[in-house]
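Top line first, the protein sequences correspond to chains A and B.
Everything in the first sequence is counted per our numbering, starting at 57 for the first residue and increasing by one.
Everything in the second sequence is counted per our numbering, starting at 450 for the first residue and increasing by one.
Derived from the structure by calculation, the hints contain no laboratory data.
Note that CB positions come from ideal geometry on N, CA and C, so glycine has one too.
It cannot be assumed that every hint is accurate.
To be verified - Far from chain B, some chain A residues (derived; all Cβ distances over 12 Å):
(1) Ile-103
(2) Glu-109
(3) Glu-111
(4) Glu-154
(5) Leu-173
(6) Arg-186
Claimed, not checked - To spell it out: a stretch of chain B is covered by chain A in this simulated footprint if at least three of its residues, at any positions, have a beta carbon under 8 Å from a beta carbon of chain A; those stretches are:
(7) 498-512
(8) 674-687
(9) 710-722
As the list claims (entries may be wrong) - For each label pair, taking beta carbons as the anchor points, the in silico distance ranges come out as:
(10) A:Lys-159 - B:Thr-916: 51 to 59 Å
(11) A:Thr-101 - B:Gln-705: 42 to 50 Å
(12) A:Arg-186 - B:Ser-648: 48 to 56 Å
(13) A:Arg-186 - B:Asp-877: 44 to 52 Å
(14) A:Leu-156 - B:Pro-943: 46 to 54 Å
(15) B:Lys-713 - A:Leu-156: 20 to 28 Å
(16) A:Glu-187 - B:Asp-780: 39 to 47 Å
(17) B:Gln-832 - A:Lys-159: 34 to 42 Å
(18) A:Lys-159 - B:Lys-713: 35 to 43 Å
(19) B:Asn-884 - A:Gln-113: 43 to 51 Å
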Amino acid sequence: MFGTISRKLGGNSISFWRITRRQDGVVLLGRIVERIRGFSTVNITYIEPTGVEKEVQAEIGENLLDVAQNNNIDLEGACGGELACATCHLIFEKDLYETLPEKEEEEEDMLDLAFELTDTSRLGCQIKVREDFKGTKLRIPDDGF
Amino acid sequence: WKSSISVAIVGSGPAGCYTAKYLQRYFQQADENMSISIDMLDRLPTPFGLVRSGVAPDHPEVKNVQNDFSALFETEKLPVSFFGNVKVGRDVSLNEIRSIYDIVVLAYGCESDRKLQIPGEDSLEGVISAREFVSWYNAHPDYSHIDAVVSKALSSKEIRHVVVIGHGNVALDCARILAKGCSKSIGLDSTDIASHALSTLRANDTPITITIVGRRGHIQGAYTIKELRELTRLEDEGYGAIFSISPDELEFGSTQSSLKQLEKSRPKKRIDKLLRQTAARNGTLESVSPNENLVKLRFLLNPVSFEPSLTEKSKLGFVRCERTKLIPHKDIPDDGQSQIAVGTGEYVDIPAQLALVSVGYKGVPIGGLEHSFQKEKGIVQNQGGKVDGEGPGLYVTGWLKRGPNGIIGTNAVDAKETVASILQDLKDEKLPIKNNGGTAKLTQFLHDREVKVVDWGAYQMINSVETRSAEMRNEKQPRNKLPTYHELLNAAFPRDPRPV
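The task is simple: from the sequences and hints, build the whole structure.
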């Protein structure tokens with residue numbers, strides 16, 4: 057038996073997956089067509105705890121934890137983005153912070169535990185890159201080392 | 450000319466793993482002439498410490514960090530080597546390891562308990578620590594004996610009573626797992642709870658009342674809001690357990706100093722609000738209906754003794770508590786917030802067949818720490834992670850360094866501090882690079898002593914047995930933990946003819 061699923065990811069990427077079920081019941085997934093990358097990225101900067109600034113091209117719609125980890129930025133994401141820790145904590149510039157979507161209760165609960173919490177703190181895994189993030193600087197809390 | 454530094458980390462929980470992560474990362478990015486070799490030892494055949502044996506079965510997302518940690522051992526450049534089933538102090542001494550490795554980092558956490566030191570604590574059946582209870586339901590191979598204790602204590606055919614002493618997340622975890630495990634409808638089947646624990650908790654469907662007590666007020670509680678919220682949702686989520694808080698006990702704790710404490714802390718404000726909402730909804734302390742399970746969160750009650758049952762003198766029957774009140778702390782300069790709980794002379798006897806003491810984990814010493822181990826606190830004396838008084842090359846991270854506090858992520862910051870100290874000492878040339886054999890020497894020792902070392906590959910054998918779908922109760926169960934050394938080592942070495 058075969059099945060084909062097409063999924064639209066983000067604004068501009070498409071992936072095709074082919075599912076094959078073998079007679080012994082094993083399911084294989086094959087990516088036939090790689091993501092067709094849209095050119096919708098914006099440049100944002102992460103300021104690492106050491107003070108080093110790293111500018112990256114962030115894909116619109118991707119969350120800030122994934123963007124960081126895909127670009128070798130020193131940002132932990134212990135729970136993998138499931139609101140079960142506070143390690144992907146980022147500090148935003150005030151103007152941008154105020155336009156971000158409201159925090160859900162679960163994020164608020166986790167932020168209560170974050171190290172060096174500020175008034176413009178959010179969990180990176182909950183924030184998706186938008187066009188208007190262009191040029192913004194995100195600070196990773198200084199852990200003192 | 451290549452210089453290589455050998456490191457041994459004792460303990461493979463979050464403290465050990467974050468330490469390995471930052472050391473590995475530094476050397477992966479460093480000059481090709483500098484190299485590091487990291488060996489991580491653990492006395493259990495399985496790695497990850499409390500992520501496996503402490504995090505509650507119904508918190509699977511919290512365990513995701515294991516993926517991050519697994520990468521340490523699977524990476525191509527400078528992978529960490531796992532030495533499981535190797536106990537420092539039994540199979541090899543700390544002094545031996547220090548002689549063959551350039552750097553040793555102690556990350557073995559806290560394996561014993563802070564005690565209440567009240568009568569009956571060690572003599573009555575049915576009084577155990579929360580740590581033992583948690584280890585038991587998480588299938589830790591050293592705690593299967595707890596099964597008989599819990600089973601016996603919960604065997605009554607009349608309403609069963611459990612008292613949990615402490616106001617931290619461990620106490621709330623115990624109450625929640627009991628409530629869910631003893632639930633008549635949905636339970637913990639779809640979690641990785643130990644099979645024996647699941648059946649012991651389900652064996653008796655007589656209603657159960659779980660009372661959590663602590664000597665201070667609700668604003669001083671060490672718990673966090675996520676865990677409190679889970680208790681408020683037990684009823685709505687179908688576990689058939691009412692969560693009850695006394696409005697009076699909230700008021701008694703709302704002293705001026707407490708309110709000041711509240712003002713300065715957003716997390717505590719949110720907790721206060723949640724608890725008041727709960728008290729308004731379910732304010733009575735007695736069971737709503739005799740067929741429902743009940744979880745009560747109580748405050749300003751200080752346990753003063755464990756009392757025997759009237760019918761069976763060797764068993765726990767009551768926890769005698771003294772009502773406390775909060776007064777300003779005399780010795781702390783007036784910051785308006787610091788208080789202590791003092792007795793009022795009024796006593797309350799709370800019935801209990803099982804008491805779980807949850808007032809803190811505590812570290813234990815091993816040979817070679819005679820100058821640095823602080824017995825009272827159960828930690829190793831250190832400056833920024835560098836151990837005091839035992840000579841160069843010895844470091845410490847995690848709970849053994851700072852005490853049993855924080856969440857998994859707290860160890861990341863802690864590890865950074867210790868790694869910074871190590872790197873500074875390397876730069877300042879305060880660490881003699883011995884080139885004394887490291888991994889090869891350790892492997893030789895262990896081979897000569899006939900220790901069955903579980904390396905990463907052998908652990909993957911355990912992993913695949915534990916995640917084999919044929920073993921599962923249902924499709925959703927993520928893992929079926931093997932609860933004994935025998936089963937773990939048989940899984941790790943399937944073709945080994947020698948009996949384990």
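Quick rundown of the hints versus the structure:
no.: 1; hint: Ile-103; verdict: holds, 16 Å
no.: 2; hint: Glu-109; verdict: holds, 17 Å
no.: 3; hint: Glu-111; verdict: holds, 19 Å
no.: 4; hint: Glu-154; verdict: holds, 18 Å
no.: 5; hint: Leu-173; verdict: violated, 8 Å
no.: 6; hint: Arg-186; verdict: holds, 26 Å
no.: 7; hint: 498-512; verdict: holds (count 3)
no.: 8; hint: 674-687; verdict: holds (count 3)
no.: 9; hint: 710-722; verdict: holds (count 3)
no.: 10; hint: A:Lys-159 - B:Thr-916: 51 to 59 Å; verdict: violated, 35 Å
no.: 11; hint: A:Thr-101 - B:Gln-705: 42 to 50 Å; verdict: holds, 46 Å
no.: 12; hint: A:Arg-186 - B:Ser-648: 48 to 56 Å; verdict: holds, 51 Å
no.: 13; hint: A:Arg-186 - B:Asp-877: 44 to 52 Å; verdict: holds, 47 Å
no.: 14; hint: A:Leu-156 - B:Pro-943: 46 to 54 Å; verdict: holds, 52 Å
no.: 15; hint: B:Lys-713 - A:Leu-156: 20 to 28 Å; verdict: holds, 26 Å
no.: 16; hint: A:Glu-187 - B:Asp-780: 39 to 47 Å; verdict: violated, 57 Å
no.: 17; hint: B:Gln-832 - A:Lys-159: 34 to 42 Å; verdict: holds, 39 Å
no.: 18; hint: A:Lys-159 - B:Lys-713: 35 to 43 Å; verdict: violated, 21 Å
no.: 19; hint: B:Asn-884 - A:Gln-113: 43 to 51 Å; verdict: holds, 45 Å
Comparing the model with each numbered hint stated earlier shows that hints 5, 10, 16 and 18 do not hold.
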